[in-house]
Structure formats: C-alpha cells, structure tokens
Amino acid sequence: MKISLQILLFLIYNSLYSQNATPKLIENIKDKAAFYKSNVKNSWEREPIYMGAFQKEIINKFEDNRLLALESHYENPCNKAYIKREKNSFKNAFEGKVNIFVDTTQKIKFFKVVYHKNRSNTFDYFYANPVILTNNDSQDVQIGYGFYIPLIMQAQNEKGEWKDIEDYYAADCGTCLNMMYFKPNEITVTTSVIYDGNYETKLRLRLGENNFSNVFTGKINRLQME
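Mapping of the sequence shown onto my numbering: residues 1 to 226, in sequence order.
Since the hints were derived computationally from the structure, they do not count as laboratory data.
Since we're looking at a predicted model, the values are computed, not measured.
Don't be surprised by glycine CBs; every beta carbon is placed ideally from N, CA and C.
Possibly wrong hints are sitting among the right ones.
As the list claims (entries may be wrong) - If you anchor each label on the Cβ, the simulated ranges turn out as follows: (1) N118 <-> K97: 40 to 50 Å; (2) K32 <-> K84: 37 to 47 Å; (3) N118 <-> S38: 11 to 21 Å.
Said to hold, decoys possible - Capping the alpha-carbon separation at 30 Å, the derived lysine-lysine pairs in DSS-like fashion look like this: (4) K41 <-> K97; (5) K32 <-> K219; (6) K61 <-> K32; (7) K159 <-> K41; (8) K163 <-> K37.
All chains, full assembly: derive it from the sequences and hints.
Below, the structure written as structure tokens:
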C-alpha cells in the first residue's frame, strides 16, 4: 500500500511538472532594463520569443533572424500561396485548450517604444517574466495575429476581486496580418512585463474569459485597476 501511494504521488508530481515544464531563457540582450511603472492600463503586443517543440534552453533576442525562425507558424491571407483553413480544423486562442504558465523564477528583457510629449520617442528595455503557453488541444490553435498574443494581466484588489490592469492591443493596420498557429503539444514563449508600484498583490494572466495562468505576487499602482 505504501509503495502504491508513493507511485501515485510520483505520477501526480510528474504530471504537474510536465504540464508546467519551462525552458531556461538565455538572455542575449545587453541593454540596461528597468521595471515598468504606470498609473494607467497598458496594452502590450506580447511578441512571441519562440514557437515550436519544447526545448530546454531558448535564447532571448529581438532580431530579424528570430522572426524568420517563426515563419513556419505564421499564415498570411495576402500571400499568393495562402490556403484558407477549414473552420473546424483549428481552434482560436479563446477556444483551444491552452495552458498558461508565468515563470517568476526567471527575469528577461524586452523592448517597448516609449512616447514622449516634449522629445523624441525612445526604444526602452524593461524586465519581464517568460510566459509559456502550451497547446493541450488535439487541434492547432491560432494563438494570435500579427505579433500580438491577446493576454491580459489581472490584479486582485482589497476585496479579493480580480480586475483587468491591461487593455487589448489595437493594431494600427488590420489588413494582411499574419495569423499565428501552434500545433498540439507545442509551446509558445512570450513575455509578461514586471510592474513596479506601491501596491503588492496577487496577479495572473487571462486568455479569453475563463482561461487563467498560475497566480503570482507582484507590485502595481492602484490606479491601474481603475
């Protein structure tokens, strides 16, 4: 009986570990970064760092070569070779069985265009946690479009209510956007910005209305929940 219990516990642990197995992100960005401070809701593209089969190590870098490596997961309706998928041959991001895991044990960098009123815009780097999306569905999942993955961060207020602290990203152009698909058992790695503020609380990401990530602790400003 004792041996059977040990086997059962091992199987449960192995199942949970494999579900949230995370690659090690190798930081290749040398620029200085900062935590992101804000008093308003923000919107993020959440460009994918990697799409494909699970790998133990993934290099975090933003350059054309990486985008070319993701091309096999993009489909563009404006391309001459484009073949429209049958409606029932895939799931969209909100329908598919996608596991969301925010790895707070790792800190990586990403860049954002920062708009300034009285001077030129700048490309600034900020810290983020890697987010691992796993396709647990039996079909391909369209996880996003353009370079946008529709994840929204939520924060818990003093009443224990979950509030969105981010808005959906609005693309400047809606024509000829790439559609991003990943296959069953594949992963997509993206980023979740690390905020800084005066209010420590529980955070999570949501994909659609009913699919949530693991809960983790972070700092924001209360105004972000308004």
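Hint by hint, here is what the structure shows:
1. N118 <-> K97: 40 to 50 Å: 48 Å, holds
2. K32 <-> K84: 37 to 47 Å: About 45 Å separates the Cβ atoms of K32 and K84, which means 37 to 47 Å holds.
3. N118 <-> S38: 11 to 21 Å: The hint (11 to 21 Å, Cβ to Cβ) holds, given that N118 and S38 are roughly 19 Å apart.
4. K41 <-> K97: Cα-Cα ~27 Å, so holds.
5. K32 <-> K219: 21 Å, holds
6. K61 <-> K32: 14 Å, holds
7. K159 <-> K41: 20 Å, holds
8. K163 <-> K37: At roughly 18 Å apart (the allowed maximum being 30 Å), K37 and K163 satisfy the hint.
Every hint from the earlier list agrees with this structure, and none is contradicted.
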